Every structure is written in structure tokens, then in C-alpha cells.
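Let the hints inform the model, and build the full structure from the sequences given.
The sequence shown begins at 72 in the working numbering and counts up one residue at a time.
Warning: the hint list may mix true and false statements.
The calculated lysine-lysine pairs, modelled on BS3-like cross-linking and capped at a C-alpha distance of 25 Å, are [claimed, not checked]: (1) Lys323 to Lys335; (2) Lys667 to Lys540; (3) Lys227 to Lys214; (4) Lys676 to Lys78; (5) Lys186 to Lys129; (6) Lys335 to Lys373; (7) Lys166 to Lys323; (8) Lys667 to Lys333; (9) Lys198 to Lys227; (10) Lys335 to Lys227; (11) Lys502 to Lys129; (12) Lys662 to Lys676; (13) Lys252 to Lys232; (14) Lys93 to Lys329; (15) Lys335 to Lys267; (16) Lys166 to Lys397; (17) Lys397 to Lys93.
Derived from the structure by calculation, the hints contain no laboratory data. All values derive from a computational prediction rather than experimental measurement.
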Amino acid sequence: MRIAILKRNKCQPRKCEYECIKYCPMVQTGAETVVQGGDGKPVISEELCEGCGICIKKCPFTAISIIGLPEELKGEETHRYGENGFVLYGMPIPKAGKITGMIGENGIGKSTAIKILSGLQVPNMGKVEVEAEAKASWDEIIKKYAGSTLQNYFDKLSKGKIKVAYKPQYVDAIPEFFDGKVYELLESTDETGVSKQLVRAFELEEAMQNDIKELSGGELQRVAVIGSMIRDADFYFFDEITPYLDIYQRVKVAKGIKDVLKDKAKAVVVVEHDLAILDMLADYVHQLYGEPGGYGVVTMPKSTNRGINEYLSGFLQAENVRIRDKPIEFSAHPPREKREERSVFIEYDGFEKKYGGDGFVLEAKPGSIEEGEVLGIVGKNAIGKSTFVKVLAGETEPTIGKKALTGLAGSWGGAPQSFDISVSYKPQYIKGELDMKVKDFIYSLKEESSEADVIDVLHPLGISEIEEKNIKELSGGELQSVAIAACLCHDASLYMLDEPSAHLDVEQKVRLIKTVRRYAERRGVSMLIVDHDIYLIDLLSDRLMVFDGEPGVRGEIKGCFEMREGMDLFLKDLSVTFRRDESSLRPRINKIGSAKDREQKEKGKYYYL
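Listed below in C-alpha cells is the structure:
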């Protein structure tokens with residue numbers, strides 16, 4: 072079985088000579104294998120295509136993919152986005168009284184599946200000839216799933232006998248559809264009478280009188296989650312709940328969603344890239360594999376532990392499918408163990424940064440960064456982490472004291488010699504406003520990017536796959552990858568990345584982790600990483616800088632700690648415990664109140680026993 076995919080955002084027929092038609096062997100024999108469509112873009116006949124791959128190689132914009140699929144997928148199409156468009160095979164199965172998780176790359180069909188289940192999109196069963204109506208008949212859909220749980224589900228959905236609540240993936244669009252105060256939005260949608268309780272639990276009291284358009288990303292995310300939870304629905308669908316949230320807020324939101332199931336008749340489906348939170352939340356998971364933008368296949372449900380471990384290993388046993396060349400491996404110890412051989416590389420002065428008369432104040436004591444280390448930075452939102460790196464990067468001036476970074480060289484041979492520090496900084500919030508190609512932007516940063524940059528940064532981060540795209544057209548994950556690459560392509564002594572995992576899927580986070588670790592080790596540079604993804608912090612960090620204080624009021628640095636000491640402090644404040652998975656060694660959040668959770672808290676060992 073073979074499918075042909077045309078990436079329409081890449082295809083530019085006005086700038087090519089229709090090489091896909093010109094060089095196709097079947098076209099040369101007289102067959103209409105590739106023809107010009109009504110919009111000027113090519114249409115590829117999957118029935119006539121021989122799969123020679125010539126059109127793929129000849130297309131100057133790499134807009135064509137010819138994909139061979141197992142024959143057993145034939146007839147299993149759930150939805151297709153037009154001729155030569157993305158295809159989704161299979162569907163996740165929500166269960167009453169359970170939380171269903173979905174794990175997979177961006178562009179693999181997770182949001183499509185959740186929209187179909189919530190009734191926002193009617194599937195066409197892969198029949199693109201009915202695309203004009205954007206749906207197949209409900210009778211056909213129900214018949215397709217005869218004998219399965221989904222038959223009854225779609226039957227009730229088609230008759231309006233199922234009520235659903237849906238939290239969209241991109242909460243940034245909410246202000247475009249609602250104009251008013253936060254409390255007005257929640258009051259108008261509260262069908263269960265628990266909105267005030269959830270507002271307190273999610274610490275949103277101070278935002279209630281604010282206009283929706285004035286909310287930060289984290290506040291908007293929590294409002295969107297509450298807005299779905301207060302619906303009196305049968306099925307609840309959450310498309311990514313962690314973006315913009317710190318780890319404290321993520322855990323509180325996860326606990327709130329679990330409370331939905333106090334009514335055992337209700338069901339929850341969650342799409343999430345933070346594996347620690349997904350592991351904590353889900354009762355079982357569906358894996359999605361395939362080719363982003365090409366096709367996606369939904370597996371049968373598996374236990375959460377097995378599903379995540381298989382996904383990380385890269386081999387799905389029941390499906391006999393390998394989705395990754397190498398497994399994602401975890402270490403039972405911090406990445407670097409011989410800490411006694413490290414020398415102080417950079418020292419910074421103490422300072423204070425204050426915003427306004429009675430505004431937020433950050434107090435930072437003098438400290439140091441070790442040579443070649445990756446220093447993880449953790450703490451709540453609005454507690455000064457971004458302010459700290461901005462001051463060190465020279466992006467903002469301190470109120471008291473001065474930003475002074477001193478490099479210390481030659482510390483092994485007697486008295487260290489000081490040198491000037493060059494800094495490269497990736498900010499927390501990124502705007503894709505440049506009207507230029509990714510390739511032109513990256514190469515404009517330096518007169519000429521070295522081969523080392525291509526090998527160490529651009530290729531591992533997948534920049535070569537999107538280099539012809541305009542920056543304005545990039546997705547959130549693609550824009551984040553470009554910003555990280557831009558930061559690392561600068562020659563510097565110290566690199567600072569503020570929330571580099573935001574909008575990245577699991578695969579992209581793996582690439583980020585490998586790239587950053589290899590970059591620091593090969594080039595002997597130091598890095599500061601601010602992030603809320605506990606997996607990423609656990610895999611990347613040599614030491615941990617822990618922030619404390621009161622969000623929006625004051626912040627301070629507790630200190631730089633070895634991983635165990637720092638994580639124990641951090642997790643104790645969070646009131647969660649971690650354990651290692653026995654087979655994969657990945658960090659797992661213990662179920663709150665479980666025997667393991669109680670045991671570790673009694674021993675004061677929050678970060679593994």
C-alpha cells in the first residue's frame with residue numbers, strides 16, 4: 072500500500088518547472104500519474120504511482136513524500152485532509168471513569184483525533200471526494216466501527232445524546248472569541264457550581280477581575296482548563312494542559328482533572344507532551360506513530376507505564392513497528408559524576424532588581440558557574456528566574472549592584488586569570504515576525520556558519536527540514552527550534568536558554584537534550600537552562616539552582632545544589648515524590664498518597680530512594 076503526500080505549504084509551482092510531472096517515468100509513458108490541479112499544484116495518483124521516488128528527489132522544495140504502508144492499514148482511514156493530504160488511521164477509545172492519554176509527535180494527528188471525538192470535526196473515512204461536504208454520512212461512520220466501543224459512542228454523538236467539553240490546544244486564540252472579564256467568562260460557562268473552588272485551587276483569584284486580553288499565557292491556560300472542567304459533560308477533552316505552566320501549576324491542574332472522575336460515569340482524554348504529568352494523570356495511553364504531516368496511526372490502548380516505556384524505547388511490540396533508530400535512555404545518576412575535577416569558570420556579582428515602587432523584587436547573592444556544566448534552574452512562575460538570566464545576559468539592568476560576569480581561566484595552574492565573558496541568550500517568549508526564510512535568518516547571524524554548527528546544531532535540531540520556510544509560517548515548536556539554533560550558533564562562553572522545551576513534542580525535546588549536552592561537552596562552554604519540564608531538567612542538569620519566594624512579590628535564590636539535594640528541596644516544596652522506572656530508569660511521579668509516595672516522604676527522599 073502506498074500513499075502520496077504533497078506538503079502544500081512547501082509546494083511553489085510558480086517557482087519551479089513542474090519537475091514532478093516532467094521527470095515522472097509513468098507520465099512519460101502516457102499515464103496521468105501526476106497532473107496539474109485546479110490551484111496549479113500537482114495531484115499525484117496513488118493508484119498509478121510506482122513509488123520510484125524520482126519526484127521526491129527532483130522537487131526543488133522537498134514538498135513530496137511517497138510513503139509505503141502495511142497493507143493491513145488499507146480501509147482503516149479515519150480522516151484525510153484532501154487529495155494527497157495527511158491521513159489518520161484508527162481512533163483512541165475513551166472509557167467511562169478513566170483518563171485516556173495520547174502520546175506522539177506534533178503533526179501526527181492527535182488534535183485531529185480529539186476534535187473528531189468531541190464532535191468538532193466529522194471524519195470522511197479517507198474519502199476525499201466528499202471533502203467538499205467535509206464528512207461522510209453518520210450511518211457510514213457508525214457502520215465502520217460496528218462491534219466496537221466507538222460504534223455506540225458515534226451513534227450517541229450523532230444524535231446529540233453525548234455532551235462534551237473541549238479545551239483547545241492553542242489558548243492564545245481565546246481572546247479573539249471572548250471580550251470581557253475572567254469572572255464573566257467563567258460565570259457564563261459554569262454548569263457545575265465549582266468554578267470558585269477551582270479558581271482557588273489553581274491560584275487565579277487575583278486574575279478574576281482582569282480582562283481576558285490582559286492575561287499571561289499561564290493564566291490563560293488555567294482559565295481554559297477551568298472553563299472545560301466546569302461544564303456538566305459526559306466526556307472531557309484536553310488538548311495539551313502544560314504549556315506556559317510551571318511545574319507547581321502543572322501538578323495542581325493534573326490533580327484537578329483527576330477530580331473530574333469522582334463521577335465514575337464521566338471520561339477524560341488528554342493529549343500531553345510532558346511525560347511526567349501524563350504518567351501521573353493517565354490510566355492508559357494510545358501511542359501515535361507515523362510521519363508528521365504525512366500520516367498517523369493510533370495504536371490500541373496500553374497501560375500507561377508500558378505505553379510510555381515502549382514509546383521511549385522506539386519499538387512498539389504489539390504493532391511490531393520501530394518508530395525511532397535509538398531508544399531514549401535515562402541515567403540512574405546525574406550525567407556527570409566526577410565533580411571534583413570541575414573548576415569555577417564564571418563568577419557573577421550579587422544584585423537586586425526591583426520593578427516599580429511596591430513591585431516585584433529579586434535578590435540574587437554572588438555565585439559561580441562551573442566549567443562546561445549545564446546548570447538547571449527551577450522554581451515557580453513569576454519568581455524571578457527569567458529576570459535573573461536577563462540581568463546576567465545584559466538584557467536588563469539591576470536596580471542595586473551591577474551585572475558583572477567574570478571569566479576565570481587557567482585555574483589549574485595556580486592563580487586563575489580573568490577574561491571577558493561573551494553571552495548568548497534565548498528569551499522566554501519568541502515572536503515569529505521576521506519576513507524571511509529560516510535559512511537566511513540563521514546564516515545572517517554569522518558571516519558563514521561552520522561545518523561544526525551544521526553538525527552540532529542545525530542538523531540535530533531539524534533546521535534543515537524547515538530551512539525553506541518563512542519564519543512567519545512556523546509552528547510554535549518549529550519557531551522554538553529556530554530560536555534555540557540561533558542562540559547556539561553564536562560564539563559565546565555562556566549560553567542561556569529560557570524555557571527551551573515550550574511547544575516541543577517528545578521527539579523534539581529528545582533532540583534538544585542531545586544537542587545541548589553534546590554542545591556543552593564538545594565545546595567546553597557553560598549553560599543555564601530555565602525550564603518546567605522535569606524530564607528535561609533531570610536529563611540535562613549537572614547541578615540545580617533553586618528559586619524560592621512569593622510569585623509576583625519577591626524572589627530569591629536558595630542556592631546551587633547537587634542534583635539530589637536540589638531536587639529534594641524542589642520536590643518537597645511541590646509535595647510530590649519521584650521514583651525510577653525499573654526497566655527504563657526514567658523518572659516517574661508517584662501517585663499522590665500511594666505507599667511509595669508515603670515511604671519516600673517519611674524518609675525525606677523526594678528524589679528517588
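Can you name, in rising order, the numbers of the hints this structure does not satisfy? Hints 2, 4, 5, 11, 13, 14, 16, 17 not satisfied by this model.
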